[in-house]
Every structure is written in structure tokens, then in C-alpha cells.
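Residue numbers for the sequence shown follow the UniProt record's numbering, beginning at 1 and rising by one.
In short, the hints are calculated from the structure, not lab data. Computed from a predicted model, the values in this text were never measured in an experiment. From the three backbone atoms N, C-alpha and C, an ideal C-beta is built for every residue, glycine too. Some hints here could point you the wrong way.
[Stated by the list, open to error] What follows is a set of in silico ranges between Cβ atoms, one per label pair, in the way DEER data are often shown:
1) S46 <-> S124: 36 to 42 Å
2) L200 <-> Q60: 34 to 40 Å
3) D80 <-> S46: 17 to 23 Å
4) D63 <-> H138: 17 to 23 Å
5) R56 <-> L122: 28 to 34 Å
[Unchecked claim] Derived DSS-like pairs (lysine-lysine); straight-line CA-CA distance at most 27 Å:
6) K12 <-> K66
7) K66 <-> K87
8) K87 <-> K192
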Amino acid sequence: MFRNILVADSGKGHVETMVGMMQRVPSFAGARFTLLHVLNVQGKTSLADGMEAGARLLAQAVDAMKLDPALVTTVLRQGDVKQTVLKVADEINADLMVMGSRGVGRLQSILVNSASQYVFQLSSRPMLLVRDDLYVRHPNRLLVAVDGAAISDTALNLACDLARGVNGMSVRVIHVSSQRSGSRVAERILDKARLRARRLGVDVEIEERNGNPAQEICAAVEDSNSDLLILASPDRRP
Numbered sequence: 001m002f003r004n005i006l007v008a009d010s011g012k013g014h015v016e017t018m019v020g021m022m023q024r025v026p027s028f029a030g031a032r033f034t035l036l037h038v039l040n041v042q043g044k045t046s047l048a049d050g051m052e053a054g055a056r057l058l059a060q061a062v063d064a065m066k067l068d069p070a071l072v073t074t075v076l077r078q079g080d081v082k083q084t085v086l087k088v089a090d091e092i093n094a095d096l097m098v099m100g101s102r103g104v105g106r107l108q109s110i111l112v113n114s115a116s117q118y119v120f121q122l123s124s125r126p127m128l129l130v131r132d133d134l135y136v137r138h139p140n141r142l143l144v145a146v147d148g149a150a151i152s153d154t155a156l157n158l159a160c161d162l163a164r165g166v167n168g169m170s171v172r173v174i175h176v177s178s179q180r181s182g183s184r185v186a187e188r189i190l191d192k193a194r195l196r197a198r199r200l201g202v203d204v205e206i207e208e209r210n211g212n213p214a215q216e217i218c219a220a221v222e223d224s225n226s227d228l229l230i231l232a233s234p235d236r237r238p
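Using the sequences and the hints, build the whole thing.
Structure below.
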């Protein structure tokens, strides 16, 4: 399914581990990878030294991810990380961007100038955010949040594409109801999702929750011990 993947690698966190694991998923078979490292040259470090260190980092990343060199392009740029990631994604027409995330809250992400938060808000491209502060596991348990909107079908389609034909990979679909919508609406949304997944060749588990969507989705991830959360966001503004 994925053909052109941009991996923004800072040399920190678990991005390399996750990319290495995802290559075992059929949806990633044959995909081309563009590995991007953005130089942050400060103090007494010269541009030449920074370029040399960046080239080493990218070479090590290719080895760590166990990528086929024939399917990899490495890109070394100098500039603002946020703007550079967006620019390179447009240049290569990436159908997936992979970035690390420190896992801070919205206010904290603004205060610490979070690159992943900025890119997420300004790009319409699919993103895989890998938490820097969590142990990365192979994505065997997928959790998909649906709300009945057409865009949430995209998230369900993606989950089914990832899971189809993979032994041991499960998909759980949740819908969070407000007090106003009620269980009848939730049942309709979840039944529709189950039928859609079945047509795509995947049997899913379904679950209804009540309360604040953000809080309940996070709780569902913990309760189900999910490895990967998939959701669609129609509005990425802060």
C-alpha cells in the first residue's frame, strides 16, 4: 500500500526500531524510503563537521532499519526541522511521514517548539508518530477510533490493509459516544465499521465507550494493550 515513505531521523528515540519492525508488514513491501536528517549546527561546530556527522547518522540508520539500499534515498539538509520535513515531503510526494514524538501535552509541545506537533498541524499527509518515551513493540494489536464521518473510514481502511493476511495481528474498533448521541447511534456506527472491515477481509472487535473522546481513546489503548493507534483527524489545527 505504501510506496513512498519519508522518515525524519534525528538520531534519537525509537523511529529506527519502528521502521525496522514495520517492514515485516506486507503493506510496506517494496516501499521506497527517504531518510531525512536536518542539521542543527550550533556553537563551535562547523558546517563540514555537521555534514560529516549527519552522513554517518544516516548510514547507521540504514543499517539499523535493515533497509534495502536500492530502495533508500538519504537526504541531508540544513535549516529548520519543521519546515524542512514539510518541504521534503512535498518534494517526494510522500504517502507516509514517520517522526519521533516526545509525547508531551499540547501546551508543552508549543512551549518546547515540538517539530512533530508542528508538522502534524500543517500537513495533510498520513503520519506515523513514534513516542520517544515508550518501549516500541511490533504492532500486533491495532486500535482504530471511528466517529461515523467519512474520513474515519480512511483510518479503518488503513488498519485493515495493515492487518490483512498477517497472522496474529488483530484490529479493535472503538467509538466514543457523548451523552447526547446515545447507544443507538454508536451501534449503527460500529456495525457499519464491522461490515466494512469484513468486506476488506478482516474480522474486527468492536467497543463502545462513553465520555470525553480524547480521554476514552487513550484509556482504550491502555486497557486493550494496543501497539498502534490509528485515527483520522479532519482538523489538525491546535
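Each hint tested on the structure:
{"no.": "1", "hint": "S46 <-> S124: 36 to 42 Å", "in the structure": "37 Å, holds"}
{"no.": "2", "hint": "L200 <-> Q60: 34 to 40 Å", "in the structure": "38 Å, holds"}
{"no.": "3", "hint": "D80 <-> S46: 17 to 23 Å", "in the structure": "19 Å, holds"}
{"no.": "4", "hint": "D63 <-> H138: 17 to 23 Å", "in the structure": "19 Å, holds"}
{"no.": "5", "hint": "R56 <-> L122: 28 to 34 Å", "in the structure": "30 Å, holds"}
{"no.": "6", "hint": "K12 <-> K66", "in the structure": "17 Å, holds"}
{"no.": "7", "hint": "K66 <-> K87", "in the structure": "26 Å, holds"}
{"no.": "8", "hint": "K87 <-> K192", "in the structure": "38 Å, violated"}
Hint compliance for this structure: hint 8 alone is broken.
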